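Enquirer: Single-letter residue listing:
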Amino acid sequence: MADTVVGATPDPHVSGDDPNRRDFIHIAAGVAAVGLVGGLAWPFIDQMNPAGDTLALASIEFDLSKVVEGQQVVVKWRGKPLFVRYRTPKEIAAAIKDDHADLRDPATDESRHKPGKAQYLVLIGVCTHLGCVPTFGGGEYGGWLCPCHGSVYDTSGRIRKGPAPLNLAVPDYAFLSDSKIKVG
Amino acid sequence: MSGHSTYEPKTGFERWLDTRLPILRFANDTIVTFPTPKNLNYWWTFGGVLAMMLGIQIVTGIILAMHYVPHVDYAFNSVQRIMRDVNYGWLVRYMHANGASMFFIAVYIHMFRNLYYGSYKAPREVLWILGCVIYLLMIMTAFFGYVLPWGQMSFHGAVVITNLIGALPVVGPSITTWLWGGFAVDDPTLNRFFSLHYLLPFVIAGVVGLHIWALHVPGNNNPTGVNVTSPQDTVPFHPYYTVKDGFAISLFLIMFAVFVFYLPDSLGEVVNNVPANPLQTPQHIVPEWYLLPFYAILRAVPNKLMGVILMFGSIGTLFVLPWLDTSKVRSMRYRPTARIYFFIFIFSCLVLGVCGAHAPDDLVIPGATAPQFLDANLDSYVWLSRIGALYYFAYFWLITPVLGLTETPLPAPDSISTPVLSHPAAAPAGAVSSPEKRG
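Sequence lines, in order, name chains S and P.
Quick note, the first sequence lines up with residues 43 to 226 if you use the working numbering.
Quick note, the second sequence lines up with residues 208 to 646 if you use the working numbering.
These are calculated hints, taken from the structure and not from any lab test.
Fair warning: this is a prediction, and the values are worked out from it, not measured in the lab.
Any given hint could turn out to be false.
[As the list claims (entries may be wrong)] Listing some non-contacts, in silico: residues in chain S with all C-beta distances to chain P over 10 Å:
id: 1; residue: L78
id: 2; residue: K108
id: 3; residue: Q114
id: 4; residue: A135
id: 5; residue: I138
id: 6; residue: D147
id: 7; residue: Q161
id: 8; residue: F178
id: 9; residue: C190
id: 10; residue: K203
id: 11; residue: K222
[Claimed, not checked] Have a look at the derived ranges for each label pair, beta carbon to beta carbon:
id: 12; chain 1: S; residue 1: M90; chain 2: P; residue 2: F390; range: 35 to 41 Å
id: 13; chain 1: P; residue 1: I372; chain 2: S; residue 2: A75; range: 20 to 26 Å
id: 14; chain 1: P; residue 1: Y447; chain 2: S; residue 2: L172; range: 55 to 61 Å
id: 15; chain 1: P; residue 1: W604; chain 2: S; residue 2: A71; range: 26 to 32 Å
id: 16; chain 1: P; residue 1: I230; chain 2: S; residue 2: A71; range: 25 to 31 Å
id: 17; chain 1: S; residue 1: D214; chain 2: P; residue 2: P395; range: 44 to 50 Å
id: 18; chain 1: P; residue 1: S473; chain 2: S; residue 2: F178; range: 56 to 62 Å
id: 19; chain 1: S; residue 1: A75; chain 2: P; residue 2: S629; range: 36 to 42 Å
id: 20; chain 1: P; residue 1: W385; chain 2: S; residue 2: P207; range: 54 to 60 Å
id: 21; chain 1: S; residue 1: A75; chain 2: P; residue 2: I516; range: 44 to 50 Å
id: 22; chain 1: P; residue 1: L417; chain 2: S; residue 2: L172; range: 45 to 51 Å
[Claimed, not checked] From the structure, some residues in chain S lie toward chain P, with a derived Cβ separation under 10 Å:
id: 23; residue: H68
id: 24; residue: A71
id: 25; residue: A74
id: 26; residue: A75
id: 27; residue: L82
Beta carbons: idealized from backbone N, C-alpha and C, even for Gly.
One chain only, chain P, in its complex shape:
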C-alpha cells in the first residue's frame, strides 16, 4: 500500500517544493489518498483519539512546566498556585491530569480491538511491538508525572515503585540508590523524575512516528481480518476516515470535558492533597486506576522477586504475542470459541483492576465464611487476584497457542467486499433497510 504515490503537485510552488522537500507528497500519501479498508468500524477510531491525546498532554504539560517548581520544598505549593493563582491554571492542570486517564482509556480500547481482530499477526508484528513500546513508555511517563505534585500518594507511590527494582538479586539495591540519587526518594529523585517526565512524551511521539510508518507498509487490518485484495476493497483516508475519526474524536472530547469540568477529582486519590510526608505512609496505597491490574498481579504473589517478575512479565508477554498465536484466522468474528475466551480475558483484566483497588485481605463477599487456604482466606481479594492473574497468563501462554491449533473457525469471506455485498442491507432498492430511501 505504500511506495506508489498518487500525489500530483498542482501549483508551481508545489512542484518546486516537491523536488526539494516532498513534505506535501508525504502528507498527501499519509492522510489524504492513503487507501484504507472500507469496512473499518468505530473501534478503529482510537488511533486518531490517541494521537490527539498525546498532543493535548504535550501542550498542557509544557504549560504546566512553566509554573511548576521541581523542588521538595516548593513542588506541592507550586501545584496549589497553579490551581489557585495562575490564570486558567485549574483548567490546564485538570486537562493534564484527566487527560492521562483518557489517554489510557483510549489505549486500552485500542489494544483490546487489536487483540479481538488479530491485528498483531503477520505482517504487523513490528507495528504491534512498537505499540507495546509506546504503552510501556506511557506507563513510565504516567508514573513520573504522578510523583510531581509531591502529595502523600505521589511520594509513597514513588517509594513503592522504585523499591520494586530492589527485588532484583545482587544489583537491585544499588540500582535503587542510583534511581533515588540518595538514601531515599528525595529532592534529587523529584528533579530527575521531572526531567524524564518532560522527555518521555517526545520519545513517545518519535515511536508513534515509527508506529504510523509501520502501519502504512502493510496498511490497516480490518474487522474481517481478510487482506485487501483489490482497490474496490479500499477508500481514500480523506474524507472517509478523517470524518469518521473526527466524529469519534468529538464524542471522546465530550466525555473528556465531562471529567474536566464536572468530575475533575473523581479519578484521583484524595490523599494526594496532603503534602508528602516521608515519616508517615497513608493507610491505603494504590496506583492510578490504569495500573491497578498490574498492581494486583504484584500483590498476588507472596514473594517479592516473583511478584515483580510476574508484573513485568504481564507486559512483556504482550511483546511475544504474535508468536504465541497459532491461529491462521485473524479476526475473532470467525473464531467463536476464541471469542468466548477473549471476553473472559477482558473480564479478568477488570477483576484484576478491582482487586488492585482493594486491600489484599479485604473480603470479596463481606460476611461470607470461606476456609483459609495456604496463606489467606479464600474469600479475600488476594485469592481473587491470583485467579485473575492465572487466567491472564493462561490466556496468552496456554489458550492462545492451543486454541489456534484445535478450534474450528467459521469460514472467512474471500474478500472485504464479499460480506458487504451479501448483507441484506445491500439488496436492491425496495428492500426494507435501503438507506438511500431515507433522504
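With the rest of the complex left out, here is chain S:
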C-alpha cells in the first residue's frame, strides 16, 4: 500500500480497491467516536437510578407489638405502604380453607407468612392492577378491596376477584426477635 498516492486521489473509493489505510483510519476513528459516546451514555443513564443515599435507606425495622389482634398497621417502606396485619384465628382458618380453591395466582397461606408466625401477615400494600392502595377489611373475602377498580383480596392477600393479575406481594423480611422484624 506504500505506493498509494496520498492527496492525488480525490476519492479514496475509486475502482473497488482493497481497503486502504484511509479506510482503516476512517473506521478506527468511527469506532473510537462510538466508543466515546457509548462510554459516556452509560453514566448519563445510570445517574437516574437510585442514588447511594436512597439505597442506604432501603430497609426498616418494625416493632410488632404495635399491632393488636384483628388490626393492621400501615408503615411507609421504600416510598410505598407496607401492610402489617395481625390476623385472628378465624381469618387464618378462612385463608387455609381456600388454599386449594380456584385461585388466579395459586399460593398456599403457608407460603405467605413466616413459619410459626401465621398471625403476622406482612404485605406490600400496592394493588397489583395499577398501584392503588387496597382498603383494609373490604370485599367479600374479608381481606382487602381496592377502591380504584374493585380488585378483591382474601385474608392471605391473594387475588380473588377483579382485574388485578397477582396476589399482594410479600416483601423480603426476617424476624430479628419474637416481636421485631426487619423489612428489606
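Place chain P on chain S using the hints.
Expert: Frame of chain S, contents of chain P only:
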C-alpha cells in the same frame, strides 16, 4: 456562497420529504457541500469545538438539574449529594464545572483568531456582533451557574456582581432590590438565578443558529483575508473540514478529560467548598479565571460608577469594533505593524487576568521599593491593572483606527490559491518537501 443548492435527492423518500420539509437539503448545504476556503488553519476549528462544548454543557446541565435543589437550605447539600451519592454525579458535575472553563478557553481562542485575521470586517459585521452577543450571554450564564452551589464564593460573588448594578445613578438601588427579590441575596435570588441559568443556554443555542446563518451568507474568512474568487479557492466542508474539526475536537477533548479526571478542582476556588454564610465574607473574593481581566478593570478605577462603566465598556467596545477598524486589509499576515500591537494586546489581557487574581495592594515585584503615586504604590497590582486597562482601551479606540490609516501593509495575494501555488512546497516533484513522496 449561500442560495444555490447542489442537493439532489436520491431516493423516493428524500424527494417526497424535500418538497415538504427540505431539512436534508439544509443539512447538505450547511455541513456537506458548503464551499469552504481551502486554506483554513487550525485556528478555525474552534467554532466546532464551541458547538460541541455548548452541547456538553446543556446535556450535563440538564442532568445536574435533575438532582439539584434551588433552595438556600438544600442547595449546598444537594450538590454534595450529587458528588457523593448520585451514580456518576461526580463525573457529570466535574464535566459541567470544567466544561465552563473549556468553553471559555475555546471562545477566547475563537475571538483572538477573529481579531488577528480581521474576520469581523465587512461583510461579516453582523456575524461578529452575534458572536459578541453569545459571549455576553455566556458570561451571564456562567455567573448564574457559579452562584448555584451556594458556597461562600458563590454567595459573595453574587453579592458583589448584583451590587455593581447599584452603581447606576438614581435607579441603581431599585434595580438591585428587584434582582434580589428581597433585601439581600437570598432564596428568591437563588431561585431566579437557577431559572435563568437553565434558560440562557437555549437562548445561546438560538443565537448560535443565527451566528451560523450569518456565517453562511458571506462564507468563512480565511488566513489570507482575501475573498474567495473562484471555486478553485474552496473545498467542500465534508470531508475536508469535518475531519479537520474532528481531529481538533479529539485533541480538545483529551485536554478536557485531563482536567475532569486529574485536575477537577484546579480551576475552582477552594473557598466555595464552605457553605454560604451571609454574615462573613471570605478574605479574598475573586471570580472564575475567565472573568479576571474584567474584574481587574473594575478595580483599576477608584470610582464605583466609572469602574462599572469601564468594565461593561470593555465588552461593549467589541460590538463597535468593525467600525473602529479603518484598515482595508483583513489579515494581520499582511499587517506587520498591527501584528506587534495585537500581540501586546493579548499580553495586556493576560496581565489583566493576573491582576484580577491578586489583591489590588499586593506588590507585583515583592520587596521592590516604588514611590507612592496618587492613591497607590506604583509597584502594586492596582497600577499594573491601570496600565493594562489603558492599553486594552487604547488598542481598540486609538491604535486600531489610527494604524489602519498610517501603516504600510505588505502586498496581499490576488487570491487564496496564489500563495499556495507559489510556496516552495508546491514546487514540482523532486523538491525537498514534496509530501506525496512520503507514502
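Enquirer: Out of the numbered hints, which ones does the structure contradict?
Expert: 1, 13 and 15
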